[in-house]
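Peer 1: Put the two chains together into one complex; each comes in its own frame, and the hints tell you how they fit.
One line per chain: the protein sequences are W and Z, in this order.
Take 63 as the starting number for the first sequence in the numbering used here and just add one per residue.
Take 661 as the starting number for the second sequence in the numbering used here and just add one per residue.
Source of the hints: derived by calculation from the structure; they are not laboratory data.
Accuracy of the hints is not assured; some may be wrong.
[To be verified] Okay, the calculated beta carbon distance ranges per label pair:
1) Gly879/Z / Ala225/W: 47 to 53 Å
2) Ala218/W / Ser1005/Z: 43 to 49 Å
3) Glu210/W / Leu1178/Z: 56 to 62 Å
4) Ser1005/Z / Glu210/W: 52 to 58 Å
5) Asn1050/Z / Ala115/W: 51 to 57 Å
6) Arg882/Z / Arg221/W: 43 to 49 Å
Just so you know, even glycine gets a beta-carbon here, dropped at the ideal spot from N, CA and C.
For reference, the chains in residue letters:
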Amino acid sequence: MGLEEKLPEGVLTTSLESLVNWGRQNSTWPLLFGLACCAMEMIATGTARHDIARYGSELFRASPRQADLLIVSGRVSNKMAPVIKRIHDQMSEPKWVIAMGICASAGGPFNNYAIIQGVDKILPVDVYVPGCPPRPEALLYALDKLREKQGKETFAHYRQLAANDAIIKPENIESLDNMRAKQFA
Amino acid sequence: MLNVSPTSRAYETLPGLNDITIPALAPLPTGETEDTKRIVERFGEDIIAAGEHDGQQVIYVQPDNLVDLMQFLKSDPKLAYEAMIDATAVDRSKLPIGNTERFHMVYQMRSYQRKKHLMVLSPAPGGDDPVMPSLSPVFQAAIWPEREVYDLMGVKFTGHPDLRRILMPEHWPYHPLRKNIPVGGEEVPFSMTFDDQEFETLGKQILPSNSVAPTLPPGMSRQNMILNMGPHHPSTHGVLRLVVELDGETVVNIDPDLGYLHSGFEKMGETKRYKDFVYYTDRMDYLSSMNNNYGYVLTVEKMLGITIPERAQVIRVIMSELQRLASHLFWLSTHVLDVSGPGMSLLMYATRERERILDLFEMVCGARLTTSYIRVGGVWRDVPPSFMSNLQDLVKMLPKQFDEYEHMLTSGPLWRERLEGVGYLSREDAIDMGMTGPMLRGSGVDWDLRRDMPYGGYENYDFKVPVSQAGDCYARYLNRMEEMRQSVRIIEQAMANLPDGLYRTDERKVSLPPRAELDVSMEALIHHFKLMTEGFRVNPGMYYHGIEASKGELGYYIYSDGSGVPHRLHVRGPSFNNLYAISKMSKGEMLSDIITNIGTIDIVLGEVDR
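The shape of chain Z in the complex, shown without the other chains (with noise of 0.2 Å):
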């Protein structure tokens, strides 16, 4: 066995966090929905349970019926939740609940036509060497999420067509995410001479990578040339590697092979406390860091149940949009320098504004990428008061600077003529692979988390939503500078009604006292160390929420076993779903068309790989 995770980390947990008495099964749902209500009397024994908890609709079913029901709530037209978001699994082996699987799945299904979410979830069977149908042959957003979960988890899956490890290296020896798996990594040694025992785990973690012949990826044929794109590569985005099949120079065939920016951060987020996960989920997505905050911090505050000062929200919405501002300048300027038209020159100017946006995030935080500016109860300060001038300079300056990309891009030939038309999606299989953000509203779907499921106030703000039916990467572009003006809109709305008062809930067993307060009072003295020390702790149960970051739903699902650190945490990447896309996009195109397609899609490895 090789020698990957030498310590047991014994350290990380400290007493009293994981506190084996609390009685962790998350409770079951209760009541009854309309939605619910339908499937219960269609399926009637097999659901094991349905109904409400805290809000979201959950349905509890029996693995056997699984590919039934999701036949049905895909086909019946009174339900169509017509997309699956996102599917995960749990280990609920170190939980004291004795008698049921270790292993549960859960879905996230989504219905937009009529604006419901869904939680499925289903046990398992197997045991230790648990085994699920597949749900590919009902939705194609099901393959890449059931790989990665038989990749983390050790979940096999019957009738995949492709059931392969798609983070981790091929010859990895564990299923990381399991229980029985410890955290990983290196003891920090506190020794002064390097003769000491504990210096013996040091650079054990490498593991010896012979040279293997490469294997051609499923469906590919040697008739045809294999090229390798990536992992180091200009116009990948990151380290993304491409098996590509070309006859010629047309694309027959791609695979990605992810799994080179594969950092842990779900093992991770099983380990820390919930108020210091925050920080972890700025190097996610590491261009939307302030947006990465903000999905997890809705979250956590859904399982505790506080509400949010009004200035908070106020000044969390213009952090957001800031963000996403930010976030799509920087995708502009490296698909325009990738697809080249006025490559490096639009690069400079677009990021010449991005520095304008990230001089904002160090004036409220002191940092320009990974911000943690949105916490748990409110944001970390409240702006200082030449925030507000300095954003209106800029709110005022932008729309004019969009006016004039736009002038440098579509006046020219060369830019309408790589974009349109190529990497054509339709309708029903944006839908079908879990599309989300810019990518699903390029293809028609009229669908925006802020408007159609309002989070922290957005349904406040008068904004449009740009959709349209092309489906090509013309049409994504037209949406993302349509998405960056209104982005603009929402700033100004909020500027005009930023509300006075608190910047952060004065609720004490989630958010610190301030400094002045330990002073005075014993009581802000014991909460500022509890805080400090154990965390707060959460319901149990399990929650799922999702924003609508820059490149589309950036959903978190956390289960809680009512400690003060997460049992499991899962985040849905927009990137990585969407990624999922660019075979599809690519077939049949030219070779120089699929960096045309994976600038369109817009990907950050950070977030794909976590």
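Bound conformation, chain W alone (with noise of 0.2 Å):
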């Protein structure tokens, strides 16, 4: 029944959101990108015991435009957090965002004037990792939930992200009967 029989052996079909989101999910290129305690074991991940390359996230890129995932890795303070947000907003969609460590998730021990009680107050957060810092194996487990959320998504949701970015909305949009109308008035 259906295409498949017709199609010669080895041949798959699948949708292309799902082809688009197994890609995504297969190679999540990180920011290069270290705030504090937590970007040691962000390193530790990255080398030969923990090996964050078997899920295609080896390739940490030193540019935001290159990225796909922000790990926000330590305790944001006041003079940071225009600069992570500057980052994040260089960074092209689809974008990802780990709030890795209790600092970046909620301010953790430094309750004071200097740090922001949680990178959430300046980012959208796709993940969050307790831990002060987590190990390695928790990042790669907020890898395993990410790609789980990643393969979720939906092309309508991006164009409602786009529509929501947009500066004129949509429904904000002239018709042309009215701008003809407007005209020959």
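Peer 2: Take a look at the structure:
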């Protein structure tokens, strides 16, 4: 029944959405960006024993324009917050954020004047990793969770996002009839 | 006024901790030493007090004579206090002492020739708006610490070449370490609905950041190219920002911009009980948390005047040296990665060995990085039985690995070419800038706190201190490699001489009773309760203690008012003072040599910014 019967052996069918998601899941490139203690565990995740390459994420990109994933690895100070916001803005869609460790998630032990109580006050966060700092295994688990999330994404979601970010909202676009009517009035 | 600290944190000060009736003035030094006698002879009436306090030499001096005194300390051959290790300030406005100046400046002086330490104190005149003479004409080492004091305490320095904020953003409204400024942060809401007023302050801590035109740091000219490196840069080892003035590819000027990881450690220290701050020290220099614990704990033990069991001391030495190895291995891997050569492969090799050290840490305390293993009175737990055999294996394997790394690096031409003659620092500059650790020894100063001012039983070990005269990056690289070999030697000796006995002092006023004792002894239960709720009290006074951490001298200065929390806690981070040398080292060199110099200084931004 269906198309599969007619196809020769070795050919699969899938939806374009799943194909794209499959690609994104298996080559999420993180940004080469460390803040504090958690960054050391992030580096440890990248080295031989924990080997983040199994996730296709070994390519830490130094430029935000080439990265898909921002791992906020450490405490975010008031002075650093605008910088992080800007880096996140410079990353192109689709992009994801992992708040690594308790400081990035909620401020952690630094409930004081200098530290922002959670990076989610300035960025949308996809996965929170508890721990101070989280072990490399915890970061890999967070990547697993992120893959789950990436697998469920749809094109409609991105269309919606683009519409939300648009300067003129779809409902505010004047219809052609209206414009004509104005022109000839 | 910006709403940066909307709440007063009443719950932080538990009743009984900050007992106001305790006479809080630090006791004046008594007696006299050879040095103080000489100083008093020279300055006479202008010395307010001089002498010793708990084995530390202390001098109180009038601010008008401060610069003269420092000149005298530096130039007099019989005193020869040639280096200023640290400068900080104390805000005494909340102490019940009246009639003295609110701010006091505290300087730590060091004589390398005579192996002496001296604390110099001076009141800052001007009440709430204090003004001090700057010591930057005498010591270059004073420039950054004075900027820090201005930033965090609001003390102004006359004659300072460059008095700007160093850690906080330019538009920050307060001087956060002043006692009348609250800790800040946010109340944790315990409410279940978002309509409650408890949520009102949530998120208000973020300052509005308007786009501002970048200001040119002083001393730079727009005739040349101004390049911005960082705070997001792969080779600045964290969130360091450098403003670099370039003539072609040659560096004309560098202005480091710090504070992107400023976390308010010192302010937090003033709200935590003594035993609770150990956990914070881990997060300062997160590559050598054991050493951070060690330095802090030794300072508190100096204040308490307790003795530590032999076994605990030896375990501490093992941990401290293991941490030095782990830190140096990480330095090597990132330095090589930045400078190239066998880059990525050496990162993989060196971190492989580092992981084995972290496994050992996990074995003794369950954590890899933030260990908090060394506690006041000893260590947290005894080492498990399998620890020693694992350590034995590691120690046997490591020297071979070091040989392999050295072979990989020194046999190729690239590594030597990038390092030799780069980042030169003369002996005089290294001392004058307050360099410590491998930076100092790389420039030919034979100084190691473990050997020259021994602490924690280091006098019982036989090890060499590598020193080289060349003063360039290659010399510092060789020194650090040799230091790792010496650390292995120390560990071997410690393993051979590990005595049996207590791993923690049985002084119940500072260390918790074992769990089994709680079931049978009422007294133990009371001690446990008191320690857990109030902590312990220490003698009033001011104390400084420095240890040789992997990056240099890690010092803790604590002003105690006799209560359960420090009145002022200041950390002298080696990376902060060492980083000052970056502009001197890089001027006249190529842009790419800046990366080599950052690597060789071995900074950790958590410690630079604190």
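Peer 1: Decide, hint by hint, whether the structure agrees.
Peer 2: Do the hints match the structure? See the list:
{"no.": "1", "hint": "Gly879/Z / Ala225/W: 47 to 53 Å", "in the structure": "50 Å, holds"}
{"no.": "2", "hint": "Ala218/W / Ser1005/Z: 43 to 49 Å", "in the structure": "45 Å, holds"}
{"no.": "3", "hint": "Glu210/W / Leu1178/Z: 56 to 62 Å", "in the structure": "45 Å, violated"}
{"no.": "4", "hint": "Ser1005/Z / Glu210/W: 52 to 58 Å", "in the structure": "34 Å, violated"}
{"no.": "5", "hint": "Asn1050/Z / Ala115/W: 51 to 57 Å", "in the structure": "28 Å, violated"}
{"no.": "6", "hint": "Arg882/Z / Arg221/W: 43 to 49 Å", "in the structure": "46 Å, holds"}
Comparing the model with each earlier hint shows violations of hints 3, 4, 5; every other hint is respected.
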